[in-house]
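Peer 1: Could you build the full structure based on these sequences and the hints that come with them?
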Amino acid sequence: MRREWELEDLIECWTLDEEESALLANKSGTTRLGFALMLKFFELEARFPRREDTPRAAVDFMAGQVKVEAALFASYDWSGRTIKDHRAQVREFHDFREPTLGDEDKLADWLATKICPVEMSRDRLRGALLTRCREDRIEPPKTTRIERVLSTAEAMSERNFTHTTLERLSLESVGKLEEVITAPPPPPTVTCEDSASSQGAAEQEGRTQAATAAAADEGRRRAFLQELKEDPGSFQLDTLLAEIVKLDRVEAIDLPATLFDGVSEKVVAGWRARAMKLYPSDFKAAEVPMGITLLAALCHVRQAEITDVLAELLIHLVHKISVRAEKKAEGELNGEFRRVQGKNNILVKLATAALELPEEIVRKALYPVVGERTLADIIAEAKANEKVFNTRMGRA
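Taking the UniProt record's numbering, the leading residue of the sequence shown gets 1, the next gets one more, and so forth.
Among the clues, some could well be false.
[As the list claims (entries may be wrong)] Lysine-lysine pairs mimicking PhoX-like chemistry, simulated, CA-CA at most 25 Å apart:
| no. | residue 1 | residue 2 |
| --- | --- | --- |
| 1 | K266 | K327 |
| 2 | K114 | K320 |
| 3 | K27 | K67 |
| 4 | K106 | K27 |
| 5 | K114 | K84 |
| 6 | K176 | K277 |
| 7 | K229 | K142 |
| 8 | K142 | K114 |
| 9 | K84 | K142 |
| 10 | K229 | K176 |
| 11 | K176 | K284 |
Hints in this document: simulated from the structure, not taken from any laboratory.
Keep in mind the model is a prediction, meaning the values are calculated, not measured.
Peer 2: What follows is the structure, encoded as structure tokens:
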């Protein structure tokens, strides 16, 4: 419950009505104030307060209503027979009942099937439990019992989730997930004596090659789990190619598109985060449904992340190539422009003549300075250079 209250809120939430005031008829002093506060607190929170839960402003406001000194609330007995009687009266007034073990089992089952698949926060799970108790008009269990219910619900949800995930995977996909962390058995050692007695030189060489291939395969498999967890490197072509290979290997696992239907993205992301912290030995030590689900969540989320990274890398590289090509083409053409002799002088002459003879027609003002043929050559050269620029940009 919040600690700060404005007067308007106190009047709205902590004022006793006539029926509530009637319950105070046989109470006085500390018990009168304590009962009144407990009655209104339960109305607001659908649970009983602890000693430290009642706001100071509410104590002062209620003390004025019931005509009792606010300081007396400090001596209210929180563990004796009186408070038990008060709680019973409050429950009866608000039409609530005490929780049973059966209620706790139902709450755990409800949380496991309805809330845990979409929510991982303990605080939100606890809030959902309290809301459910209010709706069912059941007093919430004690704090220790609530935590036990939450733990039971989380364990049930985890068990349901892992078994459902395993059932949705084909045997082939399960095998490929296991290959991510399971290296093939080491090749048999071939001694010179064994080779001389039972194998020819060619067969021995074949075994050696097979052993080398198996070792390389083991290295790739062990490396893939770590590779799968790693972020891409810098924006360059090698990074793009490496991410493509990584995506191909994840897609080869062939996870169903509906693998995590009915499960929120943040829950799947939570399992992915758990898997990111584990080593191959951790996956092997876990029960099969648990280990496979962790790997599946990791691969599922990383597949989407790698796809996004590839799109970003491709856009960056295309832009980088385009900028380089443009600079290269411009540099080459600028060099060619500088090799044209006398062009600047010609342009100066044309501009000077146009300014000195603004009223003259083109033929009389400009042709004597440059010549019609020279002007035609300049136009043809400009058009040719534009065509060359576009062609070189395409090649670049």
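Peer 1: All the hints need checking, so say for each whether the structure fits it.
Peer 2: Right, here's what the structure says about each hint:
no. : hint          : result
1   : K266 <-> K327 : violated, 45 Å
2   : K114 <-> K320 : violated, 49 Å
3   : K27 <-> K67   : holds, 12 Å
4   : K106 <-> K27  : violated, 38 Å
5   : K114 <-> K84  : violated, 34 Å
6   : K176 <-> K277 : holds, 20 Å
7   : K229 <-> K142 : violated, 42 Å
8   : K142 <-> K114 : holds, 22 Å
9   : K84 <-> K142  : holds, 14 Å
10  : K229 <-> K176 : holds, 17 Å
11  : K176 <-> K284 : holds, 14 Å
The structure shown violates the earlier hints numbered 1, 2, 4, 5 and 7.
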